[in-house]
Structures are given as C-alpha cells and as structure tokens.
Amino acid sequence: MVILKNRLKELRAREGINQTQLAKLAGISRQTVSLIERNEYTPSIVIALKISKIFGEPVENVFRLEEEE
Amino acid sequence: MKAKKQSGTFVRLAKQFLIGGSIGAVIGGGIGFGMGHFNIIENGLPFEQETVISALIIPLRVAYLLSLLLSVYFIVTVLKDYKSYLAMDEEESEELYRQMNRNHSYATILNSVTVVISLVALLLSFKVSLSPDQAKMTFPVFDFIIMMAAGIYQSYILKVYSRIRDIKMPLAPTLKELKSNIMQLDEAELEANYKMTFDVVMNLSGVILPAIYITLFFWSLITQKVEMTGILVAAVIHLYILIKNFKMTKDYYK
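Chains as they are written, first to last, in numbering that gives the first Met the number 0: chain U, 0 to 68; chain V, 0 to 253.
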C-alpha cells in the first residue's frame, strides 16, 4: 500500500511555528494539521501546495509517497 | 492470494429470496400464532394505546434526563480542559485539543438526543379532547420545560465551541446558517461529515426505511388497519432522498 508521508513537524520546528499558526496560515483547522502530521489524512493538492509555499519548499520536499506493507 | 469467486446473479437472487422468505415465514408465523392465541380479530389488541404510552413515558424521561446530564458532564469537562489548554505549551497540548473537541462534540450530540426524546415524550403525552360542551387538554409541562432548557443550553454549547475553536458563530443559528457554517469547515472536517452523511443516507434507504415498510406492513396485518401516516412519512423521506439524487447527478455530470 502506498501512503503519503510528510515532514510537517520537522519544518514547523525549523520555522518556529506551531500547529495553530500553521493552520491559520494554510486556512485549515489545527485538527487537520494534526491529522496530516500523523499521516492520518491525505490533504488535497491545494492544501499541500499552500503548506509547501508557507515553508518555501517544493511540494516533493514536504510530502512523499512511501510503500508500506 | 486467490480471489474468492463471486456467485452469479441467479444464485444471489435465490439466496436473497430464501433469506427474505425465511425471515418473513418466521415473523408471519409468530404474528399468526399471536393473532390466533389472543383472538385479535374478534377481541382487538390485548393492550390499549394508552397503556403502551404510559409504559413508554417513564423510560423516555429517564433517557432524556440521562443524556442531558451526560451532555452537561462533557461540557464541564471541556471547560476544565480548556483552562489547562490555555496554560499549556502549544506542542504539549495536541492530545488535549483533540480530547476537548471530541468531548464538545459528544455534548452537542447528547443534547440533540435530549431534544428529540423530550419532543417524543411531549407529543405522546399531549392530548386535546373536544366535545360539544367542553374541551380538555393534557399538557406535559415537565417535558416541555426540559425541551426548552435543552434548546437554550444548545446556545451555550455553541458559545463554548466558539471559545475553544476561536471562531465567531451566531448563538442561535438558523438552518441556513448551520449549513453555511458546515460548508466553511476545512476539508478534513468536511470529508468526515461527508462520510457520515453518506453512511446515514445509505443506511436509511437500504436498511432503515425498508425495515419501517416491513414493520408497518406486519403491523397493518395485526391491527387490520392501513397505517397511513407511518407509510406516508416513510415514503416522503424516501422520495426526498431520491429527489436529492437528481441534484447530485446534475452537479456531478456537469
């Protein structure tokens, strides 16, 4: 099975922003940020691009597909 | 892994007829036995509607008081958690944030359950009897007070929601405002709502409404009367769902 993994937590720490701040910047709720970070929700392309833009990274540096058994 | 071979249409239909027929035979047999045993055709039902309502009222009142108390318990927990949440470091508060929102959601659901059950109790107990020289009305004040209290408490629940989510919401929203608030939810919340709604609609049209039709059919057999109100209510809900399917078709195949 292929799942979407991400570096949100690491990038938030780098930029010094918390989940609430990231949620406000991306226009989503804190719960959604939390779900994405825990790989429990696959965001839409729009949200993925918005989040990548906030961190100033290309989307493939923030999100990646991983094979899992 | 070897895929399990699917049975053909004929076999499936035969299985469904067999299962349906067996269930019908058991229920029909039970009803036939009951009707014969109590001689319902000549004597009528062995219990009065009034007796059934009186027997139902106490469990209904216990149920709505319990759900109201539980709802208040969850809101008190949310308020306590909110205090701790504000004092906590953002990175440590993730679990508490989830727990707070979850408990708030439980409080909202339980309060809605209170409103529904108290309304049922009120409608079952309310009675107006008119005769040429007098009019008599029985009005269950306690059920009415609880229903109104739950309605007012709903506004407080919304106020707590606005506080913990740091958003502005009208405290007595109309149905239109509620729908518009739902449409403002972010995509993960919307997805969870869509899943729940889909599940509700599928269960309604595939299980609950057919079960209501079957129950009404057997009940009509017992009472020897067509349960017109019940059949019409079930059919209106069913048709409403089907008519809404036209909108979905139009929206998707645009």
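Any given hint could turn out to be false.
As the list claims (entries may be wrong) - Here are some chain U residues pointing at chain V (derived, C-beta under 7 Å): (1) ASN5; (2) ASN17; (3) SER28.
Please keep in mind that the hints were generated in silico from the structure rather than gathered at the bench.
Glycine included, C-beta positions come from ideal geometry on N, C-alpha and C.
- Query: Does SER28/U meet its interface restraint, that is, does its C-beta lie within less than 7 Å of any C-beta in chain V?
  - Reply: Result: holds, 5 Å to nearest chain V Cβ.
- So, ASN17/U near chain V? Judge it on the closest CB pair being under 7 Å. Interface hint status for ASN17/U: holds (4 Å vs cutoff 7 Å).
- Query: If you take the shortest Cβ to Cβ gap from ASN5/U to chain V, is it below 7 Å?
  - Reply: violated (14 Å)
This entry does not satisfy hint 1, going by the numbered hints stated previously; all others are met.
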